[in-house]
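Chains as they are written, first to last, in the numbering used here: chain L, 1 to 539; chain C, 540 to 761; chain R, 762 to 1080.
Short derived list, chain L residues pointing at chain C, Cβ under 8 Å: (1) R443; (2) P444; (3) G454.
If you want the ones that stay clear, here's a sample from chain C, every Cβ over 10 Å from chain L, calculated: (4) D541; (5) E544; (6) S552; (7) T570; (8) G578; (9) L661; (10) S662; (11) E680; (12) G705; (13) A708; (14) D709; (15) A722; (16) R726; (17) T729; (18) R738; (19) L741.
I should point out that these hints are in silico values taken from the structure, not numbers from a laboratory. We treat Cβ as the ideally placed atom computed from N, Cα and C, and that holds for glycine.
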Amino acid sequence: MTAVLDAPPVARPRLHRVRARWGWGLGAVAVVVWSLAGAGLFAGEVVNPAGRAQFGRFASAALSPALDAEFLRVLVTGALVTLAYAALGAALAVLLGALGAVAVARTTWGRRRLGWTLTRGALAVPRGLHEAVWGLLLVNVLGLDPWVGVLAIGLPYGAVTAKVFADLLDEVPRGGHDALLAAGAGRSSAVLYELLPPAAGGLLSYSFYRLECAVRSAVVLGLIGAGGLGYQLSLSFSSLRWEQVWSCVYALALLCLLADVTGRAVRRRLAAPRSSPTRLARDRVLTAAVLGSLALVAWSWWYLAVTPATLFAERTREQLGYVLGAAWPPDTDADLLASVASLAVDTVQMSVIAIAVATVGAVLVAGVAARPPGRMTPGRRLLGTVVRLGLLLLRAVPAPVWALVVLFVLLPGVLPGALALGVYSFGVLGRLAAEATEELDPRPRAALAALGAGPAAGWLYGVLPRATGPVLAFALYRWEVAIRDSVLVGVLGAGGLGALLATQLATFDWGAVATTLVALVLLTLAVDLVSARARQALR
Amino acid sequence: MDAGERVAVVGPSGAGKSTLLGLANAAVPPTGGTVELLGADPSALRGRTLRQLRSRVGTVHQQLELVGQLRVVHNVNAGRLGSWPASRAAWSLVRPQGLPAVLEALDRVQLADRVYERTDRLSGGQRQRVAVARLLVQRPELVLADEPASALDPALADRVLGLLAGLAADRGGALVASLHDPALALRHCTRVVGLVAGRVVLDAPTAALSVRDLADFYGAPR
Amino acid sequence: MSTRRTVRSGGPAARTPLSRRGFLAGGAAVLAAGLAACGDRTSLVAAAPSGSTGRLSIGAIPDQDPEVLQRLYRTVADSMSGALDLDVAYQPVTDYAAAVSLFRTGDLDLVWFGGLTGVQARLQTPGARPLAQRDIDADFHSIFVVNTATGLPPSEDLTPLAGLRFTYGSETSTSGRLMPAYFLQEQGVDPAGFPGGPGFSGSHDATLALVASGSYQAGVLNEQVWTARSEEGAVDPAVVRYSRTPAYYDYHWLLGPQATERLGEELPGRLTGYFTGLSADDPADAEVLDLFGAGAFIPTEAGNYDRIEQIGRRLGLIS
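Isolated chain L, as found in the complex:
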C-alpha cells in the first residue's frame, strides 16, 4: 500500500486550453475589433465634447420631471393604455405560444426531422421582425385599430414563446409519459398528467417574464402611434421637452417594476412551493397572480374596445391585398441588393458593439446589483438598490431616445447607434446577470471568505468563473434581439438596415421594403444559428 501511495509522480500534464472555447473566444474578440474598426473608432475623432451641454440638459431634466396635474392625468391614461396593450399582447403571445409549442415540439414530430426543421424555421419569420416593424405593417392593413398594437406584440412574442415552451416541454424526462401510454392512456391525457406538471413552473414563470417585456414593447409601439405612454413620450420627445420625457420614463419604469415584482413573486413561489401535505390547498400568491392576470386581460379587452370583427372585415382584406400587391415581387435590382448587403454589415457591427458594451457593463455591475444571501450592511443595501434602479431606468428610456442623446456627445456614424443600443441592452443584460449571480450557490464564495480572501479575490475565484457561462449565454441571446432593435436606432444617421427600412417605409416603396425585411429575417436567423453554436461551446 505504501508503495502505491508513494509511487513516483506521473509526468505532469501541460496547461492546455480547450480548443473550441478558445476558438470562439478569439473569434469573438476579432469580431468586436472588426466592428469597432468599422465604426471608425480607430480612424479619427469620434467624441464631440461640445455636445456635453445638450446631453446635460437631457440628464438634468431627470431631476425635474414634469409633474403638473394636467400632464399627470395624461400619464395615468397613457399608462393604462400601455398596460392594456401589454396584457393583451402577452396573453396572445402565451396563447399562440402554447399552440405553437405543440406544433414545434420534438414530442409531436418524433423522428420526422424535416417537418420539425421546417416548422421551426417558419417561426423565424415572425420572430425576425421587430415589434415596431410589425406595428408599421399592421397599421397599413388594419388602420387605426387596437388590434395593431395587440398583434404587433403578440405575433413576434408568440413565435419566441412557442420556441421556449417547446424547449421546456422537450426537456421533461419522457419516462412517465411513455409509461402512461404503455398503460393504455390516450396521448392527450398522457401529456396532461406527465408532461405538463413538470413543465408548468417554467411555463408560468416564462409567461410572466413575457408580460414584463410586453410593457416595454407597448411603449415602443406607442412611438409609432399605438397610443399610451410611448405615444406621449414620442410627442414630448419630438419637441425635446425633456422634463415630460422623463415623467413618461418614470411612469414606464414604475409599470416595469410592477410587472417585475409580480413576476419575481411568482417565480419565487414556483421555486419554493408552500403546500400542505394533508389538504388540497392552492398557493394563494399563485392563484391570485393567475386570477389577476385573467382579470387584467378581460379589462384590457374592454378598455381597448377590441373586437374580432375588424380582423375579418372586408376592408382589412382589401388593404392586405393592396400592401401585398405592392410588395410582391420584392425588388431585386442590383443597386438595392448591394446596399442591403453593405448595410447589413453595418447592422451586424452595430449589434456586436452594442452587445460587447452591454456584456462588459453587465459583468461589472452584476455583483453589486445582485441581492446577496444573508444580511447586508445598510450601505451595501443602498448601493444595490441604486444600481438596480439605474438599470431599470437605462432600459425604460427607449432606444430611439438614447440614439439622439448619445448623438449629442459622439459624432454621427455607426458608433452612436451602437452605443445607444448598448446602453439599452446593458439595462436588460445587467438585470439578467444580477439574477444569474443571485442564483449561484453562495457556499464556495463563503468558503473563500472563510480562508481570508478579500472581496475582489473572492469575486474573481468564487463568482466570476461560475457566472461567466450563464451571462455569456444571455448576451448571445440578446445579440439576436440587438439585431432587431437596430431598426429603432438606424434612422438617426446611424445607418444599417434600419435607416434603409425607415426611408423605404416613408416613401412607400413596398417592393424594397419587402427585400429589406427578407434580409432582416435572414440576418436574424444567421445570428441565431451562430449564437446557438457558441452557446453549445460554452456548455
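Got chain L sorted already, so can you dock chains C and R onto it with the hints?
Just chains C and R, lined up with the frame of chain L:
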C-alpha cells in the same frame, strides 16, 4: 483547546458539528457568548485584520465548496487568496502562480496528474483531495475539517487525515475534525468531543475510549 | 401641540386609523376614477371608421409642437363640430407615414398634411382633395442653420455647406427635407452627399439641438419653428441662422373621398368655408388659429403642389 491537540468531533446528524466548525472559522456569528480564535475575538475585527485572522484558519468543508468551473490549480491556489493581493490573484487566473507549491501539495494527495483538469470533471473523492491540497498551500495554524474523509477509501482517508494532522503540527497548531468513522477518530486524534443536540456530552482523551464507545454516537453498531 | 397637528394634517377633522370600510370606499373611488378615465377610450386608440356614418375623423402629421397640438386636439375638434354640426373626432398620430397610410385606409377623413405627405396621400388615395392652407403656407420658407464653430457668416450661397456634417429633420418633411434638398441641388450641392451622409434628426427641435451640440455642424428646419424658438429665447447661442430658402407651398388640409360619400357632396365646401371663416377676432377661433400658428386659413388647390410632386419624384421620395 491547546496547540498540538487533535480533536475529533463526533455526534449524530444535526447535532451541531458543522455549526461548531462554522463558529471556529468565523463564518457563523455566535448567538450568545464569545468565540476566542487564535487569541482574538473575530466578531470584534473588521476588514483586513479579520481577513488576516481568517487566513490562519483552514477549513475543509463538508460540501467541499470548490468552484467546479475552475481548473484544479486555481482551486488549490485559492488557499492563498488570504495573503495574495487582488492583482496577483487575478493574474494567476491567466498564468498560474506559485506552481511548485501547488504541484507539491497535489503530489501529497496524489493528484498531480490532474493539475489542469476542470474541477467539476473530478470524482467526489478526487475533489475532496483538491480541498485538502488547498489547505496544504494555505498552511493554516488551525485546521478545521468537516467530514474530510467521507468519500475516500480507507487507505486514502488514513493518509488525508495524516496530512491534515501533520499540517496542523507543522505550524504548531491544532486540528478539529468532525468524523464519521470512529476508527479514524481514535487513530488520528488525541481527544474526542461528542455532541448531541448542540450540547457537549462527551469530552475525553482518545486513550480512554474504544471504538465501541464511539459507535453509540452514530446509532449504528459496528 | 394638537393645533399644530391639525394644521399640518390639513384640516380640523380628527385623523383616525383607516377603517376597513374607509379603505374599501377609497378603493372604490380609485376604481371609479379609473373607469372615468376610460370613458373616452374609443377616442384614445380606436375609431369606428366604416361603421359610424356621421362622424368625421381628423388628424395631423406630427410636425411642429406636436405635443401641444395633439394634447389640445379637443379645441380643434370641438370648434369644428360646433360650426359644422358634425361629430368630429381627433385621432392622434405620431408618424408621418402612418398618417398617410391611415388616410388611405379611410381611418382619417381630414388630415393636416405637409406638402410632400399631402402629395403622397393624394397619390395613394384617388379622389382626395386639398381644402385649405394657412396664410403662411403659400409663402413658406426653411432656414439653414450652422454651428458657430464653423465660423460661416450668413449667406445666400449654400455651397459651403457641402463639406459639413449636415442633418435634415424628418425624412418626408417638406420644410425639413424636401425643399431644402431641392434648393441645395439647385446650387449644385448633392443633397445626399455631405461627409458621412446626411442625418435625419426626426424633428425640427432635434435638428436645433444636434446642430447646437456640434455633432452635426449644419442643419435645416422650418422657418416657423425657428422664429418661434428664437422668440422664446430657446435657441442655443451656438446655433446661428445661415440662409433662408425661397418660398414654396407647404401644409394643407386634405379631405378623403369616403368622407364626401358619407357626409354629402357639400362637405368640402362647408369645410373650406369653416376654415377660411375662422377669424382671429373671435376668441374661440383665435384659439384654433393659435394652435396652428396661423393668422388665417385660405383656400388651396392641388395644382399648388405640382412642384412638390415633381421634386419628390426627382429626389426619389415619391415612387
